[in-house]
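Protein chains: 2
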Amino acid sequence: MTIVTRTGGGMRDTLIECVRLAHEGPPVDLLIQGGRIGQIQPAGVIDAGGAVREDGAGALALPGMVDAHCHVDKTLWNRSWVPHSAGPVLEDRIANGERGRAELGLPSRDGVHALLGQMAATGTTLARTHTDVDPEIGLRGLELVASVAEELADMIDVEQVAFPQGGLLTRPGTAELLESALQQGLVGCLGGIDPAALERDSVRHLDLIFGLAETYGAKLDIHLHERGTLGAHTMELIIERVLRHGLEGRVAISHGVAIVEVDGAQSERILQGFAEARISLLTATVYNTPVLPVAEMRGRGVNIGAGNDGVRDLWGPYGNGDMLDRTFHLAYRNGFRTDEQIAAAFDVAVSGGAIALGREPARIEPGAPADLFLIDAASIGEAVASRPPRRLVLKRGKVVARLGNPVHAR
Amino acid sequence: MTIVTRTGGGMRDTLIECVRLAHEGPPVDLLIQGGRIGQIQPAGVIDAGGAVREDGAGALALPGMVDAHCHVDKTLWNRSWVPHSAGPVLEDRIANGERGRAELGLPSRDGVHALLGQMAATGTTLARTHTDVDPEIGLRGLELVASVAEELADMIDVEQVAFPQGGLLTRPGTAELLESALQQGLVGCLGGIDPAALERDSVRHLDLIFGLAETYGAKLDIHLHERGTLGAHTMELIIERVLRHGLEGRVAISHGVAIVEVDGAQSERILQGFAEARISLLTATVYNTPVLPVAEMRGRGVNIGAGNDGVRDLWGPYGNGDMLDRTFHLAYRNGFRTDEQIAAAFDVAVSGGAIALGREPARIEPGAPADLFLIDAASIGEAVASRPPRRLVLKRGKVVARLGNPVHAR
Chain Y
1 MTIVTRTGGG
11 MRDTLIECVR
21 LAHEGPPVDL
31 LIQGGRIGQI
41 QPAGVIDAGG
51 AVREDGAGAL
61 ALPGMVDAHC
71 HVDKTLWNRS
81 WVPHSAGPVL
91 EDRIANGERG
101 RAELGLPSRD
111 GVHALLGQMA
121 ATGTTLARTH
131 TDVDPEIGLR
141 GLELVASVAE
151 ELADMIDVEQ
161 VAFPQGGLLT
171 RPGTAELLES
181 ALQQGLVGCL
191 GGIDPAALER
201 DSVRHLDLIF
211 GLAETYGAKL
221 DIHLHERGTL
231 GAHTMELIIE
241 RVLRHGLEGR
251 VAISHGVAIV
261 EVDGAQSERI
271 LQGFAEARIS
281 LLTATVYNTP
291 VLPVAEMRGR
301 GVNIGAGNDG
311 VRDLWGPYGN
321 GDMLDRTFHL
331 AYRNGFRTDE
341 QIAAAFDVAV
351 SGGAIALGRE
361 PARIEPGAPA
371 DLFLIDAASI
381 GEAVASRPPR
391 RLVLKRGKVV
401 ARLGNPVHAR
Chain U
411 MTIVTRTGGG
421 MRDTLIECVR
431 LAHEGPPVDL
441 LIQGGRIGQI
451 QPAGVIDAGG
461 AVREDGAGAL
471 ALPGMVDAHC
481 HVDKTLWNRS
491 WVPHSAGPVL
501 EDRIANGERG
511 RAELGLPSRD
521 GVHALLGQMA
531 ATGTTLARTH
541 TDVDPEIGLR
551 GLELVASVAE
561 ELADMIDVEQ
571 VAFPQGGLLT
581 RPGTAELLES
591 ALQQGLVGCL
601 GGIDPAALER
611 DSVRHLDLIF
621 GLAETYGAKL
631 DIHLHERGTL
641 GAHTMELIIE
651 RVLRHGLEGR
661 VAISHGVAIV
671 EVDGAQSERI
681 LQGFAEARIS
691 LLTATVYNTP
701 VLPVAEMRGR
711 GVNIGAGNDG
721 VRDLWGPYGN
731 GDMLDRTFHL
741 AYRNGFRTDE
751 QIAAAFDVAV
761 SGGAIALGRE
771 PARIEPGAPA
781 DLFLIDAASI
791 GEAVASRPPR
801 RLVLKRGKVV
811 ARLGNPVHAR
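Line order of the protein sequences matches chains Y and U.
Under our numbering, the first sequence has 285 at position 285, and the numbering climbs by one with no breaks.
Heads up: take any position in the second sequence, counting from 1, add 410, and you land on our numbering.
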């Protein structure tokens with residue numbers, strides 16, 4: 001019997017009783033102290049005294065997930081159904097998004113709150129969200145999301161990217177807004193978008209954002225929808241600049257499906273460049289876009305994270321904010337069937353996302369922050385295949401959701 | 411006020427109050443009489459006397475779906491998790507399936523019962539299931555599924571296909587078993603599988619099953635995983651035989667992704683052939699297999715149905731038997747975003763499947779069989795995007811499921 005005394009600030013210890021850490025693993029108890037995992041012992045061993053007790057009921061305990069690419073400012077998540085109305089190409093969606101956001105009052109405080117709550121309730125403990133910045137909306141989106149994220153700071157960590165969705169070179173005034181967001185400390189990460197296809201001048205677009213990143217010590221996360229050899233060329237330009245500016249480990253490319261569309265020799269060179277420059281690829285695996293080959297890319301030392309991208313917004317009607325759903329798409333479309341393969345896809349949503357964001361990956365081990373969730377599943381394979389509501393979600397040791405529903409602090 | 415008197419046999423009338431038939435449609439009541447939809451009137455108009463009342467609560471009423479391609483005999487649906495163990499190619503999965511079925515006691519009565527119950531509970535009112543026939547299992551699988559289907563006959567209509575999963579030419583004795591199943595009236599539909607790639611003699615394989623189909627007046631449903639030009643050539647051989655044997659409208663090809671892999675001229679000729687021979691394509695849209703282009707194919711007069719294929723079995727760990735989930739995959743991977751597009755994908759799962767099976771498509775209109783479900787969604791678009799539990803499912807006017815759970819008759 002291990003005797004435990006209370007530690008930490010005003011927060012009571014929590015004993016999570018009878019969970020499993022692996023398929024057919026023995027039941028263990030987790031003692032949460034001061035927001036961290038204090039001890040992991042076989043069930044019944046820890047004498048936690050006055051700790052709050054939570055019955056894990058044999059559920060699987062898994063580390064909190066990272067939504068490494070979302071757009072909470074755009075969501076219509078908590079509204080009644082808005083039928084999709086955009087035309088079929090990217091430019092239509094940008095235009096429709098801007099038209100619609102005025103009509104629908106986006107970003108909406110309630111929408112952002114509801115979606116972040118849903119993300120927390122499904123086991124996401126850290127999210128990177130791209131917030132539109134343009135001359136019309138200015139920095140209002142960033143300020144609104146920052147304010148809601150502050151309100152929900154106990155439930156989920158939120159990192160914002162100042163994102164020039166409608167263009168940067170093509171929208172005079174946007175670069176100044178981005179710089180202002182950096183100066184004010186509103187963000188520590190800048191976005192970019194299709195430097196060639198949308199912006200029509202890849203070198204100038206990239207030089208601008210890399211210059212700002214170096215000046216302000218910011219990270220970069222570049223939307224790259226460009227396909228085939230064009231997208232691959234842009235990837236080469238990005239690798240060159242990461243190395244030149246010394247931004248290794250601080251730059252991510254979102255989407256980046258061109259990597260699977262070019263020939264073996266070019267793709268090989270680019271993957272080497274990603275590994276050397278420690279550029280992460282962030283994938284949403286939406287619609288029928290080509291899927292990033294998780295096993296091959298990780299095998300070559302390239303970090304991959306995953307995100308939900310848009311969740312029920314003017315860009316598309318799908319999505320629910322659940323990273324386990326997103327992991328399912330990644331695993332399913334990679335053809336993963338064994339538990340080991342599916343666990344690798346899940347690790348993309350945990351470690352991959354954290355590494356991309358420059359954070360320590362969540363782990364269920366003594367000393368780690370207690371960012372975790374419980375799920376009624378035998379293994380990660382079953383968790384991803386079935387995706388039942390999360391039994392319990394903890395963020396820094398605090399219960400933030402039960403049975404799929406957020407528990408808001410009073 | 412319309413006054414209604416009871417009609418039909420021993421079954422009481424049911425009044426389903428306050429449902430919608432379309433997005434922003436006015437609320438209506440549905441009077442179910444003798445297993446059919448007797449009347450549809452604005453809410454409150456029908457005076458149904460002693461009818462059983464069901465509160466639709468403003469839910470959307472949709473026609474029952476057809477799972478046009480599944481394998482209920484293989485399922486591990488109601489078991490604790492069985493990690494996937496097959497090798498990566500089709501032959502590995504066939505071998506693994508046969509090894510594992512002995513170990514796990516498949517097909518299992520309980521498994522088939524549980525999966526058909528789940529299918530009914532999610533709004534599927536008609537299913538075509540391919541049941542393994544081979545010298546080892548003989549006709550036992552067909553008999554077991556027939557017996558469970560009989561037990562659940564009030565919940566869901568089940569059509570079996572006698573399916574030579576392990577080969578027909580390559581497994582001596584299988585053809586005789588198929589013929590015996592037809593002679594005994596156990597099935598009215600025969601399966602086939604990869605006549606070239608697996609069976610090594612497309613002409614002899616096809617001639618054998620087409621010969622049996624003509625002799626016994628049977629339908630055919632041929633698994634075709636063959637890719638590219640090989641699969642396209644097999645499609646041509648199938649079209650030729652449908653026309654030669656006069657089996658128009660009685661033959662389906664399952665999977666058949668080769669159609670999207672060949673050049674425009676060949677694909678054009680084959681689609682014309684499908685339309686002329688009234689061959690249906692049945693798709694499951696699983697993993698990363700190419701997706702059938704719903705709009706283009708339907709636009710050329712080719713019927714498409716959809717099915718879940720395997721649900722949590724030795725072939726793969728995914729699936730939940732819900733045709734609305736399958737419709738989501740079909741719509742999502744087709745890039746469908748508007749309500750109209752998503753409704754077309756849903757119609758694949760309703761009319762498309764029914765036509766492929768030679769049945770009248772379910773419709774919500776007076777006189778039609780009351781095969782329908784209620785779902786809390788504004789439109790088909792939202793139903794497919796969100797897929798909440800079905801509020802109520804009716805098969806021939808009887809309530810077979812409530813809030814996602816099957817209601818078994820006493």
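No lab work stands behind these hints, which were simulated from the structure alone.
As the structure is a prediction and not an experimental result, all values here were calculated from the model.
Just to be clear, a hint being listed does not mean it is correct.
[What the hints assert, rightly or not] Ranges between beta-carbon positions, derived for each pair:
#1 Y/G25 with U/R489: 39 to 47 Å
#2 U/P493 with Y/A57: 44 to 52 Å
#3 Y/G358 with U/R463: 41 to 49 Å
#4 Y/V260 with U/E546: 38 to 46 Å
#5 Y/A57 with U/R489: 46 to 54 Å
#6 U/G768 with Y/N288: 52 to 60 Å
#7 U/R422 with Y/N405: 37 to 45 Å
#8 Y/N288 with U/R422: 43 to 51 Å
#9 U/G768 with Y/A43: 23 to 31 Å
#10 U/P493 with Y/A43: 35 to 43 Å
[Stated by the list, open to error] Derived list of chain Y stretches under chain U, where covered just means 3 residues or more per stretch with a C-beta under 8 Å from a C-beta of chain U:
#11 73–85
#12 197–206
#13 311–317
#14 368–381
#15 388–400
From the three backbone atoms N, C-alpha and C, an ideal C-beta is built for every residue, glycine too.
How the hints compare with the structure:
| no. | hint | result |
| --- | --- | --- |
| 1 | Y/G25 with U/R489: 39 to 47 Å | violated, 19 Å |
| 2 | U/P493 with Y/A57: 44 to 52 Å | violated, 22 Å |
| 3 | Y/G358 with U/R463: 41 to 49 Å | violated, 59 Å |
| 4 | Y/V260 with U/E546: 38 to 46 Å | holds, 41 Å |
| 5 | Y/A57 with U/R489: 46 to 54 Å | violated, 19 Å |
| 6 | U/G768 with Y/N288: 52 to 60 Å | violated, 31 Å |
| 7 | U/R422 with Y/N405: 37 to 45 Å | holds, 38 Å |
| 8 | Y/N288 with U/R422: 43 to 51 Å | holds, 48 Å |
| 9 | U/G768 with Y/A43: 23 to 31 Å | violated, 57 Å |
| 10 | U/P493 with Y/A43: 35 to 43 Å | violated, 23 Å |
| 11 | 73–85 | holds (count 5) |
| 12 | 197–206 | violated (count 0) |
| 13 | 311–317 | holds (count 3) |
| 14 | 368–381 | holds (count 4) |
| 15 | 388–400 | violated (count 0) |
Hint compliance for this structure: hints 1, 2, 3, 5, 6, 9, 10, 12 and 15 are broken, all remaining hints hold.
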